[in-house]
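K.L.:
The primary structure of each chain is shown beneath.
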Amino acid sequence: MTEPRAFSASSRHAAPGVAVRGARLIFEGAALFDALDFALDAGRCTCLLGPSGVGKSSLVRLIAGLATDSAGTVAADDGKPMTGRIAMMAQQDLLLPWLSALDNVVLGYRLRMSPPPRAEAQALLERLGLGAATHLRPAALSGGMRQRVALARTLMEDRPIVLMDEPFSGLDAIARIRMQTMAAEELRGRTVLLVTHDPLEALRLGHRVFVMTDRPVRLSAPMTPPGEPPRDVDDPELLRLQAELLRRLAAEAN
Amino acid sequence: MRTALARLSVLPVVLALWQFAAWAAGGHSYILPGPLLVAEAWVSRWDILLRQAGTTAFEILAGLVLGAALGMGSALTMAASPRLRRTMLPILVASQAVPVFALAPVLVLWLGYGLASKIAMAVIVIYFPVSAAFLDGLRRADPGWIELASTMNARPTAILFRLRLPAALPALASGLRVATAVAPIGAVIGEWVGSSAGLGYTMLQANARMQIPLMFAALLTLAVFAVALYLVVDALLRRLIPWQSESLPTND
Numbered sequence: 001m002t003e004p005r006a007f008s009a010s011s012r013h014a015a016p017g018v019a020v021r022g023a024r025l026i027f028e029g030a031a032l033f034d035a036l037d038f039a040l041d042a043g044r045c046t047c048l049l050g051p052s053g054v055g056k057s058s059l060v061r062l063i064a065g066l067a068t069d070s071a072g073t074v075a076a077d078d079g080k081p082m083t084g085r086i087a088m089m090a091q092q093d094l095l096l097p098w099l100s101a102l103d104n105v106v107l108g109y110r111l112r113m114s115p116p117p118r119a120e121a122q123a124l125l126e127r128l129g130l131g132a133a134t135h136l137r138p139a140a141l142s143g144g145m146r147q148r149v150a151l152a153r154t155l156m157e158d159r160p161i162v163l164m165d166e167p168f169s170g171l172d173a174i175a176r177i178r179m180q181t182m183a184a185e186e187l188r189g190r191t192v193l194l195v196t197h198d199p200l201e202a203l204r205l206g207h208r209v210f211v212m213t214d215r216p217v218r219l220s221a222p223m224t225p226p227g228e229p230p231r232d233v234d235d236p237e238l239l240r241l242q243a244e245l246l247r248r249l250a251a252e253a254n
Numbered sequence: 001m002r003t004a005l006a007r008l009s010v011l012p013v014v015l016a017l018w019q020f021a022a023w024a025a026g027g028h029s030y031i032l033p034g035p036l037l038v039a040e041a042w043v044s045r046w047d048i049l050l051r052q053a054g055t056t057a058f059e060i061l062a063g064l065v066l067g068a069a070l071g072m073g074s075a076l077t078m079a080a081s082p083r084l085r086r087t088m089l090p091i092l093v094a095s096q097a098v099p100v101f102a103l104a105p106v107l108v109l110w111l112g113y114g115l116a117s118k119i120a121m122a123v124i125v126i127y128f129p130v131s132a133a134f135l136d137g138l139r140r141a142d143p144g145w146i147e148l149a150s151t152m153n154a155r156p157t158a159i160l161f162r163l164r165l166p167a168a169l170p171a172l173a174s175g176l177r178v179a180t181a182v183a184p185i186g187a188v189i190g191e192w193v194g195s196s197a198g199l200g201y202t203m204l205q206a207n208a209r210m211q212i213p214l215m216f217a218a219l220l221t222l223a224v225f226a227v228a229l230y231l232v233v234d235a236l237l238r239r240l241i242p243w244q245s246e247s248l249p250t251n252d
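Protein chains in written order, with my numbering: chain A, 1 to 254; chain B, 1 to 252.
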C-alpha cells in the first residue's frame, strides 16, 4: 500500500453514472422486480443490502447485460454504450485452476488475444501482498489470497464501472476487513455497485447504501454514511447506523 | 516403493489360487493349464509370442492415436457449432448401437486381412468414449467463467481454446483412460474374425491345435501389455494435467 495506482485517464475521469429504468425480471413465474428505477452515482460506490434471494444478484446481472429474460433499459449517463466498460467480481473467485495467479490476473488480455501487461500485473499483485505467490496455481492459495487475485483480475481490466456481488462473503472476519480496505482504495474514482448482506461492509464502503426488500422489489431511501470510504470499523456513528440497518432488515424479515 | 512391493505381493497369491484351480479342474492341461505349464509354453515360444504381440500392440496404439484424434476433433467441432452437434450427436450414438462384433466381418471384407481392418476396429471402439467425454467436458465449463469471459469481451475462439478446452481436459483424460482400457477389444476381435498375425490370431491357432498352454501364454501377454499401456497413459495424463492431480489422491 505504498503509492496509489496510476489509473489510465480514460477510466478514472470518465467513470459515468449508470441509470436503470423500468427494469423487470420474472423468476419462476413471479416478478422479482417490476418497473424498478435505480441509479449508480458517477465515480461513487453504491451499496445494495438485502436478504438472500431478494434479487440483488439478478439486478447486478441485468446491469452487466447478462440477464436474458428481462426488460428495462440500462444506460450510462454520458450517452456512450455500456459494453466493454464493466468489470465484474463475484462471490466465487472464478479463478482458472490451470493458470498461475499472474496468468489469472491477465485473463482478460488472454481472452482478447492481446499481449498481457505482465509487469503491471506483477506490480498489482505485489501491492495486494501477493508478490511471492504470482507463480502459484489457485489450488495452492488460501481463500483470502484467491479473492485478492480475483480483485487484481477485476482491477486489471481497468473498467470505469465495477460490479461486485458479495465478493468478500466467503472470507473470515479479519481477511474481509483487510480486503474491504484494499478494494476501497483501489476502486476509488470508479462507479461501483457493491452487493452485500453485511450491513457493516456496506457502511464501510458505500457512499450510498440502499436496502432492497420485498417481491417485487422495493428500494429504501438511501443512507449516506459520513466521511470517505473505507471508514473505520470502530467508528461509533458507523455502529449506530449498522444497528439501524439491522433493525430495518429484521423488520422486513417479519 | 513400498506400495509397489505390496502390490507385487498379491502375485504369488494369485498364482497359487490359479494352480489350485488347475488341480481342482482335474489336472487336465487342455481345460485349465497351471501357471507352470503356461510359463513353460511362454519360455519355449517367446520369440513367436513377442512378434505377434508387436503386431497387436501396433494395431492398438495406431487405433488409440487415430481414434483419440478423431474423437477430440469431432468433440471440438460439435462444441464450436451447436447446429452440427444436433445433427452429429444422434449419428454418433447410433454408431455405438451397432456392436463392433457385427461390424468386424464387414470391415475385414472391405479392408482386408491385414492391419487396416484391425486398426479401424480399434478406432471405432476408442472413438466414442473419447468424443463423448470430451464433448461433455467442453459443455460443462463453469457458466460463471463463460459470463466472466463475456464481460471481458473475449473472442469466441479464445473462449473455446483458452477456457472450455483446458476446462475439459480432466474429462478428456477420463475418456482416454476408458478408451485405453477397451482398445485391445477392437484389435483382438479383428484378429479373430480374420487375420494372419497378432495375439488374437495366435490364440485361435493354438486353440485349434489343442495347444492350450500356448493359448493362455498369448492371453497373458495381451493382459500384461494392456495393463502396462493403461499405467503409462494414466501416468502421462496425470503429468499433463497437474492441476487435476493436485486434488486427486495419489495413493489410489
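It is worth saying that the hints were derived from the structure and are not from the lab.
Check before you lean on any hint, since a few could be wrong.
Using C-beta positions, here's what the derived DEER-type ranges look like [unchecked claim]:
hint	chain 1	residue 1	chain 2	residue 2	range
1	A	ALA35	B	LEU70	49 to 57 Å
2	A	ASP232	B	ASP234	30 to 38 Å
3	B	GLN96	A	ALA75	50 to 58 Å
4	A	GLN122	B	THR77	36 to 44 Å
All figures in this text were calculated on a predicted structure; none of them were measured in a lab.
Glycine residues also receive a C-beta, built at the ideal position from the N, C-alpha and C atoms.
K.L.:
Decide, hint by hint, whether the structure agrees.
P.N.:
So, going through the hints one by one against the coordinates:
| no. | hint | in the structure |
| --- | --- | --- |
| 1 | A/ALA35 - B/LEU70: 49 to 57 Å | holds (55 Å) |
| 2 | A/ASP232 - B/ASP234: 30 to 38 Å | violated (55 Å) |
| 3 | B/GLN96 - A/ALA75: 50 to 58 Å | holds (52 Å) |
| 4 | A/GLN122 - B/THR77: 36 to 44 Å | holds (38 Å) |
The structure is inconsistent with hint 2 alone, although it conforms to all the rest.
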